[in-house]
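Peer 1: Listed here are the chains, written in short residue letters.
2 protein chains.
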Amino acid sequence: MFTLFSIEGGVCAPQGFFADGIASGLKPEGQKDLAFIHSDTLCDIRAIFTSNRFRAAPILHFQRNAVERTNFVLINAKNANAMTGEAGIEDIDLILGHAEATFGNLVDPVMSSTGVIGVRLPKEKIMRGMERFDLTRKAPDAAARAIMTTDSRDKQVAFEVRLENGESFRIGAMAKGAGMINPAMATMLCFITTDAAVPADEMHTLLQACAATTFNAISVDGDTSTNDTVMLLSNGKSGLYRREAFVHALERTMHELALAIVADGEGATKCVAFEITGAANHEEAAVAAKALTNSLLVKTALYGEDPNWGRIASTIGASGVTCDPSTLTIAFENVTVYEKGEILFDAEQEEKAAKIMRKKAFSIHCDLGIGDGSFTAYGCDLGHEYVKINADYRT
Amino acid sequence: MFTLFSIEGGVCAPQGFFADGIASGLKPEGQKDLAFIHSDTLCDIRAIFTSNRFRAAPILHFQRNAVERTNFVLINAKNANAMTGEAGIEDIDLILGHAEATFGNLVDPVMSSTGVIGVRLPKEKIMRGMERFDLTRKAPDAAARAIMTTDSRDKQVAFEVRLENGESFRIGAMAKGAGMINPAMATMLCFITTDAAVPADEMHTLLQACAATTFNAISVDGDTSTNDTVMLLSNGKSGLYRREAFVHALERTMHELALAIVADGEGATKCVAFEITGAANHEEAAVAAKALTNSLLVKTALYGEDPNWGRIASTIGASGVTCDPSTLTIAFENVTVYEKGEILFDAEQEEKAAKIMRKKAFSIHCDLGIGDGSFTAYGCDLGHEYVKINADYRT
Chain Z
1 MFTLFSIEGG VCAPQGFFAD GIASGLKPEG QKDLAFIHSD TLCDIRAIFT
51 SNRFRAAPIL HFQRNAVERT NFVLINAKNA NAMTGEAGIE DIDLILGHAE
101 ATFGNLVDPV MSSTGVIGVR LPKEKIMRGM ERFDLTRKAP DAAARAIMTT
151 DSRDKQVAFE VRLENGESFR IGAMAKGAGM INPAMATMLC FITTDAAVPA
201 DEMHTLLQAC AATTFNAISV DGDTSTNDTV MLLSNGKSGL YRREAFVHAL
251 ERTMHELALA IVADGEGATK CVAFEITGAA NHEEAAVAAK ALTNSLLVKT
301 ALYGEDPNWG RIASTIGASG VTCDPSTLTI AFENVTVYEK GEILFDAEQE
351 EKAAKIMRKK AFSIHCDLGI GDGSFTAYGC DLGHEYVKIN ADYRT
Chain Y
396 MFTLFSIEGG VCAPQGFFAD GIASGLKPEG QKDLAFIHSD TLCDIRAIFT
446 SNRFRAAPIL HFQRNAVERT NFVLINAKNA NAMTGEAGIE DIDLILGHAE
496 ATFGNLVDPV MSSTGVIGVR LPKEKIMRGM ERFDLTRKAP DAAARAIMTT
546 DSRDKQVAFE VRLENGESFR IGAMAKGAGM INPAMATMLC FITTDAAVPA
596 DEMHTLLQAC AATTFNAISV DGDTSTNDTV MLLSNGKSGL YRREAFVHAL
646 ERTMHELALA IVADGEGATK CVAFEITGAA NHEEAAVAAK ALTNSLLVKT
696 ALYGEDPNWG RIASTIGASG VTCDPSTLTI AFENVTVYEK GEILFDAEQE
746 EKAAKIMRKK AFSIHCDLGI GDGSFTAYGC DLGHEYVKIN ADYRT
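Line order of the protein sequences matches chains Z and Y. Quick note: the first sequence uses this note's numbering, first residue 1, plus one each step. Quick note: the second sequence uses this note's numbering, first residue 396, plus one each step.
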């Protein structure tokens, strides 16, 4: 048995981790834009990355160097260092070389970036900026703010996992991302620290397993980023590891941050769980659920708070999964509007459904009535603010 | 040899075809909402339909009756008769039975619908309305207006195809659809008439072949309609058929209507041709080109007239096609901004590209530098008007 306690401290909550964020001049008006995470002992590090074929330079750099142990991660916002070719990778070598020269005790330092695509990193600003880092500071809020782009708020969680014998380990994380809606500019980055003694050879598998129902259940629209990254740093300082408890804490950490990203979706006014059950299998359930999160028609109906269930049905029908109108059931929370071929959508039901849609967060349930596959994906609405943010992004 | 002449008359241009549209009370304020196409001799008819698994009742009705010859097509707007089950099909039987009783000389009449999903057809209004049809009228403009939903203008074309010996046949068509952006509510319908003596067994193949580069090059976003339909009616009255000439005219007809639909995309301010070349094969070229038409980030950048080529690159990278940053080239018409790994995007190039983006119609060219596959897809921007139309659709 084990118990999870929500605690303060973000990525600095686990023992031995330090972080801070400063303003290096990448963002205007003295906003923080450059962060580090440092561990005072060497960490195992594993990461999962975007499926985009044009992976950004920081990802290529990480993979090329086959980094497995480090004590330093540098993160900048405002520039993704993507589509910058070999020059972009050389820029990272130069910057991290400067970090090693400045701080002396770094081992295989790692870099991560988010921002506009196709522009070379402003190396000088970053190198001058990092000279002001104090690696003994625990300023998780500053770090979490520094990695934001169009995010409206920082995203952090931390848990203490207490085992039945009273011993405990911790996990902490910060993420950025202004919604599943368009990771291509507003890349999703997540950095997770832990003092649990996670076996290095399990880390990658655990990350992948937990991503499937968390970060991969929110994003995945046509615009998968060049930079998406989830990193796990484990320094083992607690000396403790209990697989079941750690997986639970990791999944919970990633789930909370994933929902925080959806809720902060660019211009979003509501967060919706699309629960698919009764699909032919798990894969088809995921396809249908994700199709709903990505449908422009569904997203604009959410924005309009219009219980237009026909758009939901049509999206499922168009998603390519096995389905049949005579076995499908659609409900807005507990209000069923279509049941196995029968339309239950009178004025009274419509008003009940509309009332649910006026909430900040709610669920839409679709039972395909075919098999046992289920999946829940999380999405948000699309309104005027989204257009404003994205039509004006660079200029 | 043959020559194509653009002519007036839409679906009534070919010999023996009649059409009109009236107001039956489905739309408010006396707007036309019910149309017919009639041929005074029996036509061969073939149609291609949506790939959505939840095909609307009119499509199921057509397929169940295996209609191959008819002289009457009834079309209503404002209600898609989709997700209405067996009852929806019975409604069509009742309505078309009333048409046969009213006009006496109908053979296997056909119905097509567009509008909101999940609401039973207002049968009485439609039956009362159709009693006012005069099957000897040639009022193609009225018919084309009656089938509109969120379209801002009617869409018609007609051609006379003159062979080198002076003989000629005609093809005419009308379509509706407010853009590739969301066929789920604004279904794409197209009705094509011809007096060419097209062999019945070629009609379906020709429709499919021509759709691949026309209607299927514009639509295909997550919201494929339950009702999408392209119908070809051929009465053979000209007694003439020349395959090459007919295919050319059919492709041209469908291409012009497809572009008209994109240009009239809901809230669209510009029409963009995404030309992919150098893909591994034709299929991958189509995947990449269509991904660009469906990317929210690309669409909002078009709206913002921002030559943010990084979003274009990222979308191609995320589309799953074979590609490499070191072989990719991206150009806004003749302004190359990224060439085989090299960023050519200085202030001067940016201003040149931005100038092109301020045009109503332009092309974006991406050479993947991998193979010989090419495809051009047509898209439009996404702006505030789109959100307005779709957030307010039903209410």
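Because the hints were derived from the structure by calculation, they are not lab data. As the structure is a computational prediction, the values presented were derived from the model and not from experiment. One or more hints might be untrue.
In silico contact screen, one side only, chain Y against chain Z (beta carbon under 7 angstroms); selected entries [as the list claims (entries may be wrong)]:
1) R448
2) M478
3) P517
4) T621
5) Y698
6) T722
7) T724
8) L739
9) A742
Derived BS3-like pairs: lysine-lysine, alpha-carbon spacing no greater than 30 angstroms straight-line [as the list claims (entries may be wrong)]:
10) Z:K340 to Y:K518
11) Z:K355 to Z:K388
12) Z:K270 to Z:K138
13) Z:K125 to Y:K783
14) Y:K520 to Y:K422
15) Y:K747 to Z:K388
16) Z:K388 to Y:K518
By construction, the Cβ of each residue, glycine as well, lies at the ideal position given by its N, Cα and C atoms.
Peer 1: Which of the listed hints are broken here?
Peer 2: 3, 6, 7, 8, 9, 12, 13, 16
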